[in-house]
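Visitor: Line order of the protein sequences matches chains R and G. In this text, residue positions in the first sequence follow numbering that gives the first Met the number 0: the first is 0, and each later residue adds one. In this text, residue positions in the second sequence follow numbering that gives the first Met the number 0: the first is 0, and each later residue adds one.
Honestly, the hints are just simulated from the structure, not real lab data. Every value quoted in this text rests on a predicted model; they were computed, and no experiment measured them. The reader is advised that the hints may include incorrect statements.
Each computed EDC-like pair below joins lysine to aspartate or glutamate, with the alpha-carbon atoms no more than 20 angstroms apart [claimed, not checked]:
| no. | chain 1 | residue 1 | chain 2 | residue 2 |
| --- | --- | --- | --- | --- |
| 1 | R | Lys10 | R | Asp80 |
| 2 | R | Lys10 | R | Asp26 |
| 3 | R | Lys191 | G | Asp61 |
| 4 | R | Lys10 | R | Glu207 |
| 5 | G | Lys64 | G | Glu6 |
| 6 | R | Lys46 | R | Asp59 |
| 7 | R | Lys256 | G | Asp37 |
| 8 | R | Lys191 | G | Asp71 |
| 9 | R | Lys30 | R | Asp156 |
| 10 | R | Lys67 | R | Asp26 |
| 11 | G | Lys13 | G | Asp35 |
| 12 | G | Lys70 | G | Asp39 |
| 13 | R | Lys46 | R | Asp156 |
| 14 | R | Lys191 | G | Glu57 |
| 15 | R | Lys224 | R | Glu193 |
| 16 | G | Lys13 | G | Asp71 |
| 17 | R | Lys256 | G | Asp35 |
| 18 | G | Lys13 | G | Asp61 |
| 19 | G | Lys64 | R | Asp260 |
| 20 | R | Lys46 | G | Glu25 |
| 21 | G | Lys13 | G | Asp37 |
| 22 | G | Lys13 | G | Glu29 |
| 23 | G | Lys64 | G | Asp37 |
| 24 | R | Lys256 | G | Asp71 |
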Amino acid sequence: MRLSQGAPGAKILAFGGYQPADIVTNDDLAKRIDTNDEWIQTRVGIKERRVAGPGESEIDLAVQAGGKALAASGLSHADIDLVIVATCTLEAQIPNASARVAHRLGIDAPGAFDVNAACAGFCYALSAAADAVRAGSAKHVLVVGTEKLSQWVDWDDRATAVIFADGAGAAVVGPSDTPRIGPVVWGSSGDKSEVISVANRQSFLHQEGQTVFRWATTTLHPVAKLACERAGVDPAELSAFVPHQANLRIIEAIARKLGADNAVIARDIVLAGNTSAASIPLALSRMVERGEVQPGGLALLLGFGAGLTYAGQVIEIP
Amino acid sequence: MAVTEQEILAGLGKIVNEITGIPATEVTPEKSFVDDLDIDSLSMVEIAVAAQDEFGVEIPDDQLKHLKTVKDVINFIQA
Chain R
0 MRLSQGAPGA KILAFGGYQP ADIVTNDDLA KRIDTNDEWI QTRVGIKERR
50 VAGPGESEID LAVQAGGKAL AASGLSHADI DLVIVATCTL EAQIPNASAR
100 VAHRLGIDAP GAFDVNAACA GFCYALSAAA DAVRAGSAKH VLVVGTEKLS
150 QWVDWDDRAT AVIFADGAGA AVVGPSDTPR IGPVVWGSSG DKSEVISVAN
200 RQSFLHQEGQ TVFRWATTTL HPVAKLACER AGVDPAELSA FVPHQANLRI
250 IEAIARKLGA DNAVIARDIV LAGNTSAASI PLALSRMVER GEVQPGGLAL
300 LLGFGAGLTY AGQVIEIP
Chain G
0 MAVTEQEILA GLGKIVNEIT GIPATEVTPE KSFVDDLDID SLSMVEIAVA
50 AQDEFGVEIP DDQLKHLKTV KDVINFIQA
């Protein structure tokens with residue numbers, strides 16, 4: 000037996016993002032539930048979010064974001080030999096999303112699997128993609144985070160309706176002579192599985208906000224620091240910190256404790272809401288578009304969510 | 000040696016000031032966090048976490064919701 004010849008490192012070639020057209024403002028929500036714009040902005044940090052139309056599936060969102068990332072990468076669909084989709088909100092679990100997304104994008108017979116690590120999903124999928132490139136099991140990987148949370152949220156539950164949204168983000172990963180995707184730091188706390196959960200197929204998403212807030216603001220900054228340490232990067236060298244866009248106050252609390260003093264902090268949640276596995280690549284795609292991050296800059300990604308699960312790694316901006 | 004009520008009050012005043020910007024002198028035993036100091040539930044979690052670091056007493060979320068006033072928190076820490 001012998002092993003495949005892999006690459007010395009892996010890198011991100013390009014990002015792509017997609018938000019559905021329909022905007023739901025805080026005032027729109029206040030017409031239906033007991034909440035208001037000021038309350039939502041101070042507690043969660045969201046001004047508006049997008050929701051997919053009735054005929055628009057999480058697959059459609061993924062195809063849009065994946066197509067943009069592929070176009071921006073300069074590669075052709077024939078170059079992609081693995082597609083990984085991170086999602087936790089598929090309308091039906093069979094078949095998986097990745098094979099359908101690949102087919103719709105004209106990618107012929109790639110390896111195709113989904114990752115469910117909820118809001119940490121993109122960082123898990125990115126790590127799997129980088130490892131596949133380094134091991135030689137794939138050359139170019141399309142990684143997509145896509146979520147249609149609107150179909151799992153009870154729009155009369157003000158604990159969740161004000162937070163969650165729909166969207167997709169994607170990255171193309173390929174070989175590199177030097178490491179441009181750092182080692183992942185990942186883990187989970189299954190003892191807290193019930194704090195973000197859907198009880199059964201007839202239930203909506205349930206979240207215990209205070210418990211999640213406490214967990215996120217007390218246990219994740221050491222994970223963020225360790226991801227920097229494993230990559231040999233000082234937090235002061237980061238030009239961007241892109242955590243999962245869960246809640247602006249969680250984002251700011253972790254950023255404060257991380258000490259990334261020179262980094263732009265992603266605040267995409269303000270206009271995108273919490274899009275779970277899509278939030279990190281969606282935020283990155285928009286930061287690149289707006290010129291907030293420069294090619295060659297280092298960004299720390301940190302996903303965390305239901306499971307509870309978490310994962311983070313340092314990447315170089317393409 | 001147990002910390003005195005005055006020491007806990009001073010510590011809480013400092014914590015509340017750091018998290019919410021409310022002057023520490025406003026933090027007096029009879030004040031309600033929500034009704035008098037206008038502190039929301041997420042800031043209460045941050046205060047509970049900071050108080051745990053300061054005084055070594057964990058205030059779990061299911062207990063936290065019953066602690067309405069500054070005095071309630073002082074009593075919980077002293078108990």
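Visitor: Name the hints, by number, that the structure is in violation of.
Guide: Hints 2, 4, 5, 6, 7, 8, 10, 15, 17, 18, 19, 20 and 24 contradicted; others consistent.
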